[in-house]
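Single-letter residue listing:
2 protein chains.
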Amino acid sequence: MTAHTSKVTIHMAASLDFFIARKDGSVSWLETSDVYENGASFEDAEELVKTIDCYVMGSRTYEDALRLGWPYGDVPVLVLTSRSLPADRDNVEFYSGDLRELVGGRLRPRYRNIWVVGGAMVAREFIRLGLVDDIRISIIPILLGDGTPFVDHVGIEQALHLKVVTAFRNGIVELWYELRKTA
Amino acid sequence: MTAHTSKVTIHMAASLDFFIARKDGSVSWLETSDVYENGASFEDAEELVKTIDCYVMGSRTYEDALRLGWPYGDVPVLVLTSRSLPADRDNVEFYSGDLRELVGGRLRPRYRNIWVVGGAMVAREFIRLGLVDDIRISIIPILLGDGTPFVDHVGIEQALHLKVVTAFRNGIVELWYELRKTA
Chain W
1 MTAHTSKVTI HMAASLDFFI ARKDGSVSWL ETSDVYENGA SFEDAEELVK TIDCYVMGSR
61 TYEDALRLGW PYGDVPVLVL TSRSLPADRD NVEFYSGDLR ELVGGRLRPR YRNIWVVGGA
121 MVAREFIRLG LVDDIRISII PILLGDGTPF VDHVGIEQAL HLKVVTAFRN GIVELWYELR
181 KTA
Chain R
1 MTAHTSKVTI HMAASLDFFI ARKDGSVSWL ETSDVYENGA SFEDAEELVK TIDCYVMGSR
61 TYEDALRLGW PYGDVPVLVL TSRSLPADRD NVEFYSGDLR ELVGGRLRPR YRNIWVVGGA
121 MVAREFIRLG LVDDIRISII PILLGDGTPF VDHVGIEQAL HLKVVTAFRN GIVELWYELR
181 KTA
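Going down the list, the protein sequences come from chains W and R.
Numbering-wise, the first sequence is residues 1 to 183 according to the numbering used here.
Numbering-wise, the second sequence is residues 1 to 183 according to the numbering used here.
It is worth saying that the hints were derived from the structure and are not from the lab.
Where hints are given, some of them may not hold.
Beyond 12 Å from chain R on every Cβ pair, some chain W residues (computed) [stated by the list, open to error]:
{"no.": "1", "residue": "Glu43"}
{"no.": "2", "residue": "Glu63"}
{"no.": "3", "residue": "Glu93"}
Each computed DSBU-like pair below joins lysine-lysine, with the alpha-carbon atoms no more than 35 Å apart [as the list claims (entries may be wrong)]:
{"no.": "4", "chain 1": "R", "residue 1": "Lys163", "chain 2": "R", "residue 2": "Lys7"}
{"no.": "5", "chain 1": "R", "residue 1": "Lys50", "chain 2": "W", "residue 2": "Lys163"}
{"no.": "6", "chain 1": "W", "residue 1": "Lys50", "chain 2": "R", "residue 2": "Lys163"}
Far from chain W, by Cβ distances over 12 Å, these chain R residues were calculated [as the list claims (entries may be wrong)]:
{"no.": "7", "residue": "Ser41"}
{"no.": "8", "residue": "Leu48"}
{"no.": "9", "residue": "Asp74"}
{"no.": "10", "residue": "Thr81"}
{"no.": "11", "residue": "Glu101"}
{"no.": "12", "residue": "Pro109"}
{"no.": "13", "residue": "Arg128"}
Cβ coordinates follow ideal geometry from the N, Cα and C atoms, glycine included.
Please build the complete structure, drawing on both the sequences and the hints.
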């Protein structure tokens with residue numbers, strides 16, 4: 001039963017007013033200068049990243065990664081897009097078909113720890129289609145005031161179960177939830 | 001120096017997609033059925049509430065409180081409105097003038113622990129005018145999917161300092177921030 005051994009996690013960083021990007025696309029706000037004395041070391045978070053064996057993202061998140069410095073190494077990356085985008089990496093694949101088929105038919109049988117890293121539209125579609133097991137939000141200690149909202153208007157209510165709360169030394173708080181299945 | 005002995009705190013509850021109200025105004029989603037084993041008791045939160053000596057809110061938050069069961073007891077309540085609203089309590093006062101004057105001239109000299117409890121427009125105006133010391137957000141373990149956003153589009157960036165993170169046994173996480181003054 002591959003569905004039980006693989007997990008799809010939405011992971012995104014957001015400001016306290018829950019924007020995931022500035023209007024101009026700049027990302028310097030992600031570098032917090034805050035100090036939270038009792039926080040965990042950010043190295044713990046880096047250990048976690050090593051367990052991810054597949055990333056899924058929208059085209060703009062992909063373009064940001066190309067522009068800002070590729071953070072995904074050689075881990076397989078699925079980019080959801082119908083546009084024609086530059087592909088100079090062997091581990092990047094573009095996909096424009098049915099999301100349920102992609103996740104159930106191709107990703108879950110092959111990967112254990114699949115991370116959906118944005119943007120807002122991709123997160124919304126994954127939640128709406130019931131393809132998500134967990135949501136992990138890293139809240140950056142800033143109010144951006146304006147920008148691109150995190151999952152806007154999914155249109156359905158979804159109960160969550162709080163799994164873990166981690167406050168890091170740089171003032172970032174990670175909230176980790178499991179989506180609760182309705183009976 | 002009264003400005004140093006009084007504190008203005010924005011306190012609001014929000015879903016993980018950062019809505020503070022359903023479209024239809026119903027509030028049953030605030031009653032979480034989640035269980036977070038290692039969480040703090042919610043009684044700790046109730047102790048805190050006893051230290052609040054003034055509430056400030058917008059007219060719709062006031063009307064909700066009247067409709068849903070008045071939670072503010074006999075603590076002084078300032079309702080920001082230019083509308084004519086029912087007032088059947090001695091501790092409720094309506095105000096439609098300048099916010100800076102209200103906070104600096106009347107509230108800070110008189111009260112130590114002033115809580116601004118919503119809604120989104122009131123929170124935005126307080127932040128925009130620099131009248132806020134702390135923000136405390138209680139994140140309810142649910143995605144609402146749609147509703148009234150928490151502080152929409154303040155229009156200015158504001159760095160925060162993480163003070164305290166508290167995860168409660170009912171799955172609610174309270175994030176407590178201080179607004180960082182820019183030099």
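Does the no-contact call for glutamate 101/R survive, Cβ to all of chain W over 12 Å?
Holds, because the least Cβ-Cβ distance between glutamate 101/R and chain W comes to about 24 Å, which exceeds 12 Å.
Evaluate the condition: distance from the CB of glutamate 93/W to the nearest CB of chain R exceeds 12 Å.
The assertion about glutamate 93/W holds, with a minimum of 29 Å to chain R.
Beyond 12 Å from every chain W Cβ - status for serine 41/R:
holds, 15 Å
Against chain W, does leucine 48/R hold up as non-interface, every C-beta pair farther apart than 12 Å?
Nearest chain W Cβ is 19 Å from leucine 48/R, so the label holds.
Beyond 12 Å from every Cβ of chain W: is that where the Cβ of aspartate 74/R lies?
Non-interface label on aspartate 74/R holds, nearest chain W Cβ at 32 Å vs cutoff 12 Å.
Does the claim that glutamate 43/W lies off the interface hold, with its Cβ farther than 12 Å from every Cβ of chain R?
holds, 18 Å
Restraint check for lysine 163/R with lysine 7/R, where alpha carbons must lie at most 35 Å apart
holds, 15 Å
Are the Cα positions of lysine 50/W and lysine 163/R separated by 35 Å at most?
With Cα atoms ~30 Å apart, lysine 50/W and lysine 163/R stay inside 35 Å; holds.
Given as non-interface: glutamate 63/W, which should sit over 12 Å from chain R by C-beta:
Since the minimum Cβ distance to chain R is about 24 Å, glutamate 63/W lies beyond 12 Å and the statement holds.
Exclusion check [threonine 81/R not at the chain W interface, CB over 12 Å]:
Answer for threonine 81/R: holds, closest chain W Cβ roughly 24 Å.
Nearest-CB test (12 Å) between chain W and arginine 128/R
violated, 9 Å
Against the 35 Å threshold, does the CA-CA distance of lysine 50/R and lysine 163/W hold or violate the hint?
holds, 30 Å
The structure fails hint 13 only (numbered hints given earlier).
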